[in-house]
Amino acid sequence: MSSTTWEPVIGLEIHVQLGTRTKMFCSCALGFGEPPNTRTCPVCLGLPGTLPVVNERAIHFGLMMGLALGCEIAPRSIFHRKNYFYPDLPKGYQISQYDIPLCAGGRLGDVRLHRIHLEEDAAKLVHVGESGRIHGSDASVVDFNRGGTPLAEIVTEPDIRSAEQAREWLTLLRETLRQLGVSDVDMSQGSLRCDANVSIRPAGSTELGTKAELKNMNSFAFLEQGVTAEIARQIALVEGGDKVVQETLHFDPRTGAISSLRSKEEAHDYRYFPEPDLVPLVPTEAMLAEARGALPELPAARIERYQAEYSLSPEQARTLAWRPERAAFFERAAAAAVAAEAPRVANWLDQVREEGALTPDGLAGVADLVASKKISNDAGRRVLDILVAEGGDAVAVVEREGLAAMGAGGELEAIVERVLADNADVAERVRGGNEKAIGALMGPVMRETKGRADGGEVQRIIREKLGL
Amino acid sequence: MTGVLELSATEAIARVRSGDLEPGALWSAYRERAASEDLGALSWLADEAPEIAVDAPLGGVPVAVKDLFCTEGVPSQAGSRILEGYRPPYTATAVRNLQRAGAPMLCKTHQDEFAMGSSNENCAFGPVLNPWDRTRVPGGSSGGSAAAVAAGLVPWSIGTDTGGSIRQPAALCGIVGLKPTYGAISRYGMIAFASSLDQAGPFTRTVADAALLLGAMASKDDRDSTSLGLREPVRTPTATDLRGIRLGVPEELSGEGIETGVLENFQATLDRARELGATVETCRLPHAPHGLAAYYIIAPAECSSNLARFDGVRYGARVEADDLSSMYTGTRAAGFGAEVKRRIMLGTYALSSGYYDAYYGRAQKVRTKIAEDFDTAFGSFDFIVTPTAPGVAFELGAKTADPLAMYLNDYCTVPMSLAGIPAISIPNGLSDGLPTGFQIAGPAFSENSILDAAHALEAALGFDGSAARR
Amino acid sequence: MLSREQVLHVARLARLELTDEEVEGFGGELSKITDWIDKIGELELADVRPTSHVVEVENALRADEPHESLDPALALRSAPDAADGGFRVPSPGAG
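Protein chains in written order, with our numbering: chain A, 359 to 826; chain W, 4 to 473; chain H, 79 to 173.
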């Protein structure tokens, strides 16, 4: 039985395929699922004599990401060559960024970023083991359609402390990038890929343990499962007297097993050097202004603003921040509402699954009518349902359906008296001190008023009549 | 048709314009001569002449193209077995520019493999011979293009210069060769050796012809991020004297290691320059002696990366194997010659973990210092002048045993490549019956001034290269 | 001086298969060349900025407009082993 509490320390490395029209270094159109090698050209095939030219929209998206995530944008960054041999790498090197990336630092939520840089994606290697046997050996077939797709690599600091947090944070990142419009960020299609660097240390320690890298978990669930499994593996290892080894690992979601990807060969020596075929990137004022201007309000900022400006609770703010269209709806409704405060408007919107034919004005109308006690809460709900189904104006619907509040007055008092008379024994119990029994009196009154009376008002009249 | 073959390109264009010469006749005459060459200079010869407009700027004067320029549908082998028979699906920008200007491609020329060499003995398809003496080398790596012009197989040709591969063969073959400012001519379509050094350039019989060809080749190309084009159009050189021109002779590049005959011709040329009104003084390029070492780190480093794409996957030769790793190593072992392997090894080593700072990192700093040295020198001088090569054409096989001895051929030309500045070599006499060259280097984008100075000197020198054309 | 191990390591990185003769030969030549190159180690270069680009160009950018890609037949024309619409190679990881 262990006496140490272990703290997981997790950092993520995320690759995002940018949603540009063309590749990073050539003008081939990006696609998905096209027949093989139909989106290639001499440049992305790595033919002799060809040269890369940087896609300006990829830089624009990179700047947007950097600005949105609070990074330092490098005043002058360069590309480097990362040299290694693999069939999906046509030039025998990947053009990437090394010691001077486009963006440094930054933060999203409670996780700090280390850097963001731009590079090109590799091609696709399809193993054709069975059908492509040559001389009894396995073969692969390379499709260069994907090769050269612009990638942004985002590296976080090791600020994450649990598998769950990793999953939540990646979800926040995904939504942020989606709202920025820089990528489809679809893990199932490979436009969002995530590796996790995982280590453990005794709780309270500030030193970092040896980390292992979990590669390519391609769903949020697998990320959480994989990181959970790796944390457990490391704890078991260390408590068993062994050491964690720095290695690359693969998580199999079907079996839950973690296996080493480390090949029999020695680790790669990438021999980075500055890419001589490209010139430095010096983001100009114009480029930065354009990137800044293209930023929408992002979830994290909206959450804060909704609490500050609209006095929404953190939960309400978060719910709305994740859905920009609904958030816009809310803001228009809140602006239109006169009697109702913004939090109440938000509450009403919460009860609507899909807006349907409901308009912001309609929502504001309902909220106002209830807030000014012109209709009861129940009536409000019914009006809301009708507006969602049919659209229209709240006041008109109230009139048409006869849902105007029954205020204190003859009609209501008469109903209360009738109910009290019909339920004399319950009335006696309430008079006798059984507060809870008042519910059995309220029910019939509310039913008779067809929900037009305000519950609080009804209770007041009942108690008055009972002499309480 | 001998008369036609004696015309310079400028003269031929004038005759075409005036209607006295048909481009077709020019083509046929040269094709016949090229077809009967015995220098091993040509790797491919065109069958048909394309249509040429009579008013095309280059008058339909045919040109030879170094094999490493990609030419659509035509073999582009860069002197290597690994690209034997390779036909690219596109044409290099520089060549397209020439074709558009009306200089049709008559043939492609052999070269040192992947532009690595100073003698054209590293060509996988056989060495090229010097038309002045067929037991000797024409220089390299653009030996084929130089020999072709010197022998009169074509009136002009294009090559590439990374550390001297246009200038040095021009000197050894007694013709004009120009390396422009880095970025003047697009590298798109040039099979890369060392990306930060490679530049295309013309080989011609006269300086005026070089101006014409340079003007047609240069452009700012969207497909080459490092391309700048030239800042002003290339002018026909007209200068007849060098009055007011200050020539600087670097101590470091004009004494030790240079053959006596070459030095004598160099001094004689300086005398000619003085007679034309130039002042001649010594100057200092303190870091130039380290240029060669820096070059032999930077160039191999970049080439080790540039040649990684030759892996047998998408084009070129492949040695089949059961596993990928063996396919890679077997293909590259069989496809590359010894010098290429040597430089790949050197470059890989220089970039490898733990060595980057000591080698590549340092070499890049030496490069900065050399550029600064030139900047300082150009504060007091209009041009820096040196002998182009330390010796005349040497015998085949004379330097192949010792790579270092071969590398020393680039001693005077490498510093200009490292600094990215333009330089021309013009023939300035014979030594023991073999040509020597005079190099004029100027600040970036000073091509017009260099051409003027070279033109004036050319007239005063009166070098006659016709002996090699018989 | 480059040891045999170093030569083999570099050859491995460069995916070059060398004969024993070549390993010896390259070892000697590379050592000679590196000894010569090492001379730049004598220079005082502490405060010097490295030149990675000779041209003074920045931001050579291309508009995000698609061009026509190559016909796949043309893309595969020079392939040593074209199959299933792609470039076939022995599988990595084997052997």
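No wet-lab data here; the hints were simulated from the structure.
Please note: incorrect hints may appear among the correct ones.
[What the hints assert, rightly or not] Taking lysine-lysine and the DSS-like style, the derived pairs with C-alpha atoms no more than 30 angstroms apart in a straight line are: (1) Lys402(W) <-> Lys110(H); (2) Lys223(W) <-> Lys117(H); (3) Lys440(A) <-> Lys402(W); (4) Lys440(A) <-> Lys110(H); (5) Lys823(A) <-> Lys808(A); (6) Lys440(A) <-> Lys117(H); (7) Lys601(A) <-> Lys573(A); (8) Lys808(A) <-> Lys732(A); (9) Lys569(A) <-> Lys482(A).
[As the list claims (entries may be wrong)] According to the in silico footprint, chain W covers these stretches of chain H (three or more CB under 8 angstroms from chain W): (10) 98-109; (11) 114-122; (12) 135-145; (13) 157-167.
[Unchecked claim] Partial chain H-side listing against chain A, Cβ under 7 angstroms, derived: (14) Ser81; (15) Gln84; (16) Leu86; (17) Leu91; (18) Arg127; (19) Pro150; (20) Ala153.
Think of the CB as a built atom: it goes at the ideal place given N, C-alpha and C, for glycine as much as any other residue.
Evaluated hints:
The hinted pair formed by Lys402(W) and Lys110(H) meets the criterion: a straight-line CA distance of about 16 angstroms does not exceed 30 angstroms. A threshold of 30 angstroms between alpha carbons decides the hint, and for Lys223(W) with Lys117(H) the separation of about 38 angstroms lies outside it, so the pair is violated. For the given pair, Lys440(A) sits about 36 angstroms from Lys402(W) by alpha-carbon distance, which is inconsistent with the 30 angstroms threshold. For a cut-off of 30 angstroms, the pair hint linking Lys440(A) to Lys110(H) stands: about 28 angstroms separates their Cα positions.
Restraint check for Lys823(A) and Lys808(A): the C-alpha separation of about 21 angstroms stays at or below 30 angstroms, so the hint holds. Of the pairs offered as hints, the one joining Lys440(A) and Lys117(H) holds, with about 28 angstroms between alpha carbons and a cut-off of 30 angstroms not exceeded. Proposed proximity of Lys601(A) and Lys573(A) is supported: the alpha carbons are some 20 angstroms apart, at most 30 angstroms. For the proposed pair Lys808(A) and Lys732(A), the alpha carbon gap of about 15 angstroms is at most 30 angstroms, so the pair holds.
A C-alpha spacing of about 29 angstroms is found between Lys569(A) and Lys482(A), which places the hinted pair at or below 30 angstroms, so the restraint holds. With 4 residues bearing a CB less than 8 angstroms from a CB of chain W, the segment 98-109 of chain H meets the requirement of three and the coverage assertion stands. For the segment 114-122 of chain H, the stated coverage by chain W is satisfied: 6 residues place a CB nearer than 8 angstroms to a CB of that chain, which reaches the threshold of 3. Three residues within the 8 angstroms Cβ limit are the bar, and the segment 135-145 of chain H against chain W gives 3, so the coverage statement holds.
Under the rule that three or more residues need a Cβ within less than 8 angstroms of chain W, the assignment of the segment 157-167 of chain H holds, with 5 such residues. Nearest Cβ of chain A to the Cβ of Ser81(H): about 16 angstroms, over the 7 angstroms cut. The hint is violated. About 13 angstroms separates the beta-carbon of Gln84(H) from the nearest beta-carbon of chain A, more than 7 angstroms, and the hint is not met. Taking 7 angstroms as the C-beta contact cut-off toward chain A, the hint placing Leu86(H) at the interface is violated, the least distance being around 12 angstroms.
Nearest Cβ of chain A to the Cβ of Leu91(H): about 6 angstroms, under the 7 angstroms cut. The hint holds. For Arg127(H), the interface hint is violated, since its Cβ never comes within 7 angstroms of a Cβ in chain A; the closest pair sits about 12 angstroms apart. A hinted interface residue such as Pro150(H) counts as satisfied when its beta carbon comes closer than 7 angstroms to some beta carbon of chain A; here the least separation is about 5 angstroms, so the hint holds. With a cut of 7 angstroms, the hint placing Ala153(H) at the interface with chain A holds, because the nearest CB-to-CB distance is about 5 angstroms.
Checked against the numbered hints above, the structure violates hints 2, 3, 14, 15, 16, 18; every other hint is satisfied.
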